[in-house]
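Enquirer: The task is to assemble the complex, starting from two chains supplied on their own in separate frames and drawing on the hints.
Read off the chains here:
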Amino acid sequence: MKLVMAIIKPSKLDAVREALTDLGVQGLTVSEVKGFGRQKGQTEIYRGAEYQIEFVPKIRVDIVIDDPDLDRVIETIRSVANTDKIGDGKIFVLEVSEAMRIRTGETGANAL
Amino acid sequence: MRRVFLHIFLVTPLIPALLWSEIAHAANLNDGNTAWVLTSTALVLFMTLPGLALFYAGLVQSKNVLSVMMHCFSIACLVSVLWLIVGYSFAFGEGNSLFGGLAKVFLSGVSKETLSGDIPETVFFTFQMTFAIITPCLIVGAFPERMKFSAVLIFSGLWLLLVYAPVTHWVWGGGWLSEMGVMDFAGGLVVHATAGASALLLASMLGPRKDFPSGLKPPHNPGLSMIGAAMLWIGWFGFNAGSALAADVSAGMAMLVTHIAAATASLVWMMIEWIKFGKPSLIGIITGMVAGLATITPASGYVGPLGGICIGILGGLLCYWAVGLVKSKLSIDDSLDVFAVHGVGGIAGTLLASVFGATVFGGGGLPEGATIGSQLGIQSIGVVATVLWSLAFTFLIVKLTSAIVGLRVSNDEITQGLDVSTHGESGYNL
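Residue numbers (our numbering), protein chains in the order written: chain A, 5 to 116; chain B, 38 to 467.
If you're looking for bench data, these hints aren't it; they were derived computationally from the structure.
We treat Cβ as the ideally placed atom computed from N, Cα and C, and that holds for glycine.
Incorrect hints may appear among the rest.
[Claimed, not checked] With a cut-off of at most 20 Å between alpha-carbon atoms, the simulated DMTMM-like pairs for lysine to aspartate or glutamate come out as follows:
id, chain 1, residue 1, chain 2, residue 2
1, B, LYS254, A, GLU58
2, A, LYS44, A, ASP92
3, B, LYS313, A, GLU54
4, B, LYS254, A, ASP92
5, B, LYS366, A, GLU54
6, A, LYS94, A, ASP18
7, B, LYS316, A, GLU54
[Said to hold, decoys possible] Counterexamples of contact, computed for chain B against chain A with all Cβ distances above 10 Å:
id, residue
8, GLU150
9, LEU253
10, VAL286
11, ILE320
12, VAL360
13, TRP426
This is chain B alone, in the form it adopts within the complex (with noise of 0.2 Å):
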């Protein structure tokens, strides 16, 4: 009795003023939204970990597996800490419109209680830093089976600083392509663009597996592949609606267009190889997936069912067109084909976005005062300056690893493979 006398007399009193001072609080702060980011944000790393390491790990040598695992995961560890030191600063800071500064270094001015937007600033941060985690991990396809670990770590490190960080800056961070007016969605250009032109000149400048070409073996366990590309797809509606950055009518359209242009584009790379090899593989079809996916990801909040569709065909045809010519015409070993499905899926979906975000196609409609004609020349001029400064900085980050540790691990290791000798584990233990 004492106690419900204390509870109601003593306490009771002070509930209402709790619920003030948190109603007062959180005044600008959106539940719905919080709760929507904060979920994306498990599915937008959950891409990462497991997803795209089981994806790689299916595609390569059954001695490689462990290793292409390891890539992933330290990258995603690396690139986590990395964000909080410096990079989301370089990316969400103020500073001017190519560079983000020092504001936010540490998350300096950033307590429990800031805000971005309608959502705690914590859940931005986070969200971003998830995305900030699979670009540098997508690039892991074009090194696999060859490059030395410290020079992985070191380039991975140094590439999220001066490349995917100002990029994300220019285009999400206020920085002047959004100032222009460039639509990426959920990252056309800053994801998939600039990892896949990095991965491009990556591949060339570490040279080729061993074999390459013609004596290549084949993906050790497709199997496994397929368990990560379906994690992908699932995650990839937090990568695209989570980026509405509420839970609103644009993430809603942004899922559902995300998830027909994946099943198209999956279609079409099956009838592609049904057709000109007669079996319709389990490999083509995922990558299917995958091209799909990364080409809607730019136009995902802007376009609507029919641009889903058309987008999905286009970006199965162009990434599958690619394929064959980073490989067979340029011949350069971009080995799980980083360039061909990321690069020129986000560049395609980039530039269409502009015209399936147009009312006439059944989109959202373009900025105001923007024609479709006007908007291609921005989304061009994305384009153009995300590629040439991820290729320079690709370069000269390159060049610093390989003059600091080396690139490439010796040809005795590579035939040994590097589970055992680079990380003293194997795969399968018979």
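The following block holds chain A by itself, in its conformation from the complex (with noise of 0.2 Å):
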């Protein structure tokens, strides 16, 4: 299994999910985060004063899966969240070493 952490633009959010269920993806977590990257921060201008704004705001998507699937799912949020500018984001790849459902006690892929 692997947990694949995507990191977003938040006007992205509803495409990629709406693409992972298409491609079967049973649930996925969501939280928003801000950072930076390449893009460093950007500036804000309130009543004439510029403020930089150090951490963006983003959405990070947490979704594990099976291992076969890793390839779709990768291909699929770096297709739908590209808009081709510096800021889009990264996809992390982790090793999950176990999944359990804890409703019925189900481990392993079974949990997804």
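Expert: Structural data, given as structure tokens:
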């Protein structure tokens, strides 16, 4: 099993969710996060004064999937979340050692 | 039957007698005027609670949102009590041309029946109290996110008695400026110039927020500020049109020009930002609104619609320019721009009243015998005297407050935010 952790633009969340459910992904977890990458921060102007926003709002999508689904999931997220502009985000993939459905006690891929 | 009988024969004859005594007693009381000033009193209190509190709360960081609300609320309570004890007497006692004296301490000599003009003095007292409340609350914008709460209360209380009340006496209480014929319809001098000048000095003595100017965090909730600003706008009808102290033609025109100036200045500020930065912002348009309202305030009962538009344009331009001047050139962290918006607006409006008040510019006319030039001279004396007095006494009060309790909270408390470190509460629990 793999954990796919995608950091994407907030405006792309709906498109990513739709594409992943079309792909058969059974569930995912979303959090509002802030951070910076090559985009660095951004500036906002209030009453003529510039404010440096060092951490830009992003959405983090966490999906745990079975190994064979990995490539399709990554490719789907990349194609949907891509705007060809700096600040589109990143995808990380981590090894997952175990999963359990709390209600039934099922483990492994059955719990996904 | 028996009851009806009793009523007709015993009670009815009393009614004309009662009516007669009411009429005789109220010979000089004007119902319409009283009703309008009662209404205006509620409107002006609404400007502070919650209008100004929300306006300021949205502009600070999320960890200090409760502290500025607490400042506005506690100052409102403190001022109300002080106003009854001595403030009103200092401002509206007979006294001499400089000071109202102690004759009306605790409203002594004022009963339910006492009239001020053709409205009850209790109504006049309360109406004026709402002005006394909002003025030190305006200064809250100079010191958020870093001033000790005890220092806020001591400063505000002393400031009410030593700056606000005397200047009010000069301008509205029969003091020397009113004898000179100064025109300040609703508080360009009394409210905005005093608060603005004092805010600038207090901010510079207190020192800037941590990370001023380059590392500051932006306003945490512009939408909250917009709600507060909209309440200020509505409340300002009571502030300006209520200052006619009558439901009359002056009140009508004051309301009209107040609204037009606010709308015009809002558009001016929005356009400046749109042209300069490419984006018209909500914070920008509501700041323009406050600038327009502050600028029209002293002129509101004197000018016509043309004056309303012109004052709106000039108020928007001048206050926008002043924000940059204070923050960038003078490097004073008057955090929420009290001087740039209220001080500059109030002073500009006080001077402009002499121009747009003249009949040639569609105004209602200057005092008898005055020309634009001569009136401008009187207005200038009013501005200089008000600003100098405000600065001198603010300096003394800040020094005194600093000696008693100190001014600033520690850097750790600033980092934690005043909501938790001073008040033990959080604005947002998620």
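Enquirer: Does each hint hold? Answer for all of them.
Expert: Hints, verified against the model:
Of the supplied pair hints, the one linking B:LYS254 and A:GLU58 holds, its CA atoms being roughly 10 Å apart against a limit of 20 Å. Simply put, A:LYS44 and A:ASP92 have alpha-carbon atoms about 12 Å apart, close enough for the 20 Å limit, and the pair holds. In summary, the hint linking B:LYS313 to A:GLU54 is supported, as the alpha carbons are separated by about 12 Å, within the 20 Å threshold. About 24 Å separates the Cα atoms of B:LYS254 and A:ASP92, which puts this hinted pair outside 20 Å; it is violated.
Using a Cα cut-off of 20 Å, the hinted pair B:LYS366 and A:GLU54 holds, with the two alpha carbons roughly 15 Å apart. Taking the CA atoms of A:LYS94 and A:ASP18, the gap is near 17 Å; set against the 20 Å cutoff, the hint holds. Between the alpha carbons of B:LYS316 and A:GLU54 the distance comes to roughly 13 Å, so the proposed pair stays at or under 20 Å and holds. Against chain A, the non-interface label of B:GLU150 holds: every CB pair exceeds 10 Å, the least being about 50 Å.
Distance check for B:LEU253 against chain A: the nearest CB is about 6 Å away, which does not clear 10 Å, and the non-interface claim fails. With a minimum CB-CB distance of about 37 Å to chain A, B:VAL286 clears the 10 Å threshold, and the non-interface call stands. Remark: the non-interface label on B:ILE320 conflicts with the geometry, its nearest Cβ contact in chain A lying 5 Å away (cut-off 10 Å). Not every CB of chain A is more than 10 Å from the CB of B:VAL360 (nearest about 5 Å), against its label as outside the interface.
No Cβ of chain A approaches the Cβ of B:TRP426 within 10 Å, the least distance being about 28 Å, so the stated non-interface status holds.
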